[in-house]
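Visitor: One letter stands for each residue in the lines below.
2 protein chains.
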Amino acid sequence: MSDAVTHGGALWVIGLGPGEPHLLTPRAREALDAAERLYGYGPYLNRVVDEHDPRRMASDNREEGARARQALTDAAAGARVAMVSGGDPGVFAMAAAVCEQIERGPVHWRALEVQMIPGISAMFAVAAACGAPLGHDFCAISLSDNLKPWALIERRLQAAAEAGFVMALYNPISASRPWQLGRTFELLRETLTGETVVIFGRAAGRADEHMRITTLAEARAEWADMATLVMIGSEQTRVVERPDQPPLVYSPRFAPGCDPEVSA
Amino acid sequence: MSDAVTHGGALWVIGLGPGEPHLLTPRAREALDAAERLYGYGPYLNRVVDEHDPRRMASDNREEGARARQALTDAAAGARVAMVSGGDPGVFAMAAAVCEQIERGPVHWRALEVQMIPGISAMFAVAAACGAPLGHDFCAISLSDNLKPWALIERRLQAAAEAGFVMALYNPISASRPWQLGRTFELLRETLTGETVVIFGRAAGRADEHMRITTLAEARAEWADMATLVMIGSEQTRVVERPDQPPLVYSPRFAPGCDPEVSA
Chain D
1 MSDAVTHGGA
11 LWVIGLGPGE
21 PHLLTPRARE
31 ALDAAERLYG
41 YGPYLNRVVD
51 EHDPRRMASD
61 NREEGARARQ
71 ALTDAAAGAR
81 VAMVSGGDPG
91 VFAMAAAVCE
101 QIERGPVHWR
111 ALEVQMIPGI
121 SAMFAVAAAC
131 GAPLGHDFCA
141 ISLSDNLKPW
151 ALIERRLQAA
161 AEAGFVMALY
171 NPISASRPWQ
181 LGRTFELLRE
191 TLTGETVVIF
201 GRAAGRADEH
211 MRITTLAEAR
221 AEWADMATLV
231 MIGSEQTRVV
241 ERPDQPPLVY
251 SPRFAPGCDP
261 EVSA
Chain E
1 MSDAVTHGGA
11 LWVIGLGPGE
21 PHLLTPRARE
31 ALDAAERLYG
41 YGPYLNRVVD
51 EHDPRRMASD
61 NREEGARARQ
71 ALTDAAAGAR
81 VAMVSGGDPG
91 VFAMAAAVCE
101 QIERGPVHWR
111 ALEVQMIPGI
121 SAMFAVAAAC
131 GAPLGHDFCA
141 ISLSDNLKPW
151 ALIERRLQAA
161 AEAGFVMALY
171 NPISASRPWQ
181 LGRTFELLRE
191 TLTGETVVIF
201 GRAAGRADEH
211 MRITTLAEAR
221 AEWADMATLV
231 MIGSEQTRVV
241 ERPDQPPLVY
251 SPRFAPGCDP
261 EVSA
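Chains D and E supply the protein sequences, listed in that same order.
Just so we're aligned, residue 1 is where the first sequence starts under the UniProt record's numbering, counting upward by one.
Just so we're aligned, residue 1 is where the second sequence starts under the UniProt record's numbering, counting upward by one.
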């Protein structure tokens, strides 16, 4: 261990899942309790600690790099530090931001104990709320063109549609990115049929959860907000209507013609 | 509610995560405790209940359809039934099998209460153990050609490689599918450079967890077994070597040229 790192410091990057206690793992809860400082986006911290908790170091949504550096600085000084992420920290979230800063930062940061603690991601919470839309091959794409050129996003959407992946679309819309989701629907309508299942999954796994199940022909960008994950089915994704129960959406495990229980 | 369904029956499809109690959600634990019957693949059931638990209805790995029908029959008769899955039940697992049987089965099964309870999937457990390899756009592909034609799998691997997705490969190898992973590496070497990061993640999140980090040029199919998830990085995925700590593998959140902290 490097001399520059005080013995005992550690950084835990914690996935909170959807935010309700019943979907927070015991491992995550244990790390939150043991931490001497808690970093994260304010609304996520509010899900797990009291607003007046003296350990609380809330920051804005856009400051991931600076937040990671502060947390690493504290950990290198000997503190047990937690960094919280909604969902899973490895999916378009803080785990990559921490790794980036470790690579770029002072060399003694590399001697730190860093642990990523997984959580229930938004895509799996939405899938569970609807049935099993991710039951076959799938992909996850962030629609945020703060992070990459829009042309690259279009190329990936096109490739995923042509190859038959179900798609989970993160960061579908925001005040500063108002047109990207509408453009995504337009683009996908060129490759997929209008009957393709589309899910608008809002606040999945929380008390105010709301799932809207529609088709690509009908889907409208204004049905999404920053708390929404949008899922695009493959041509095989099906909706099972049920009396007195919400519909089930699922993607069969088998490609057409490959299910031994169904004759071709 | 249909007359054919006895009041009170329910089917909970439960994600166990990697299998250790500290990554099992309270919601999953609660459902396991409340269930009157527990269905699932024997080794998965062993992770959460005693071998002599009278509620235990273990079955073989290959019998998903029959297992789902038995569980639905019990639930329709009024029992509170749990079906366990390793990882997340919505990822190449029991949630889709249950939906398939509901669609095909007697119409009164559609009136049943069915809840999917998400879990920590193998891909996120492997990612957490290594750093943040799924920090940018990614996909999940099952290499099992029991479920779909091999040509379709090759098409998806090719599409994912060309479009720059990180890939999580489920079901990489088994006694009855011995050559598919080797062929996958061969195929990907035609599109990706030999330096592309490859992770063999075995038993992630469990006591005997083992991560092997290598390159596409070096990767050998015999390093995987049925407990392994194989991850293929994108051209941007990086390895940060660390003294006295395991290396960190991560995929930057930003595409090349889009990171405001790094001048082009």
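Derived by calculation from the structure, the hints in this document are not laboratory data.
Only a predicted model underlies this, so the values are computations on that prediction, with no experimental measurement involved.
Treat the hints with care, since some could be wrong.
Claimed, not checked - DEER-style ranges, computed between Cβ atoms:
no., chain 1, residue 1, chain 2, residue 2, range
1, D, Glu222, E, Asn46, 26 to 36 Å
2, D, Thr191, E, Ala151, 12 to 22 Å
3, E, Pro26, D, Asp53, 19 to 29 Å
4, D, Pro26, E, Pro54, 39 to 49 Å
5, D, Glu36, E, Ala151, 32 to 42 Å
6, E, Val107, D, Ala175, 22 to 32 Å
7, E, Pro243, D, Asp50, 34 to 44 Å
To be verified - Short derived list, chain D residues pointing at chain E, Cβ under 10 Å:
no., residue
8, Arg104
9, Glu195
10, Glu261
Idealized CB from N, CA, C, for every residue including glycine.
Visitor: All hints are to be evaluated individually against the structure, with a verdict given for each.
Guide: Against the structure, the hints come out as follows:
1. Checking the proposed 26 to 36 Å range against Glu222/D and Asn46/E shows it is violated: the Cβ atoms sit about 49 Å from each other.
2. About 19 Å separates the C-beta atoms of Thr191/D and Ala151/E, a value consistent with the hinted range of 12 to 22 Å.
3. A C-beta distance of roughly 21 Å is found between Pro26/E and Asp53/D, which places it inside the suggested range of 19 to 29 Å.
4. Judged by the Cβ atoms, the range 39 to 49 Å given for Pro26/D and Pro54/E is violated: they are separated by roughly 26 Å.
5. The beta-carbon spacing between Glu36/D and Ala151/E, approximately 55 Å, falls outside the hinted interval of 32 to 42 Å.
6. Judged by the Cβ atoms, the range 22 to 32 Å given for Val107/E and Ala175/D is violated: they are separated by roughly 46 Å.
7. Judged by the Cβ atoms, the range 34 to 44 Å given for Pro243/E and Asp50/D holds: they are separated by roughly 38 Å.
8. For Arg104/D, the suggested interface contact is upheld, since its CB lies about 8 Å from the closest CB of chain E, less than 10 Å.
9. Taken as an interface hint, Glu195/D does not check out: its beta carbon lies about 17 Å from the nearest beta carbon of chain E, beyond 10 Å.
10. With 10 Å as the threshold, the beta carbon of Glu261/D comes within range of chain E, its nearest partner Cβ sitting at about 6 Å, so the hint holds.
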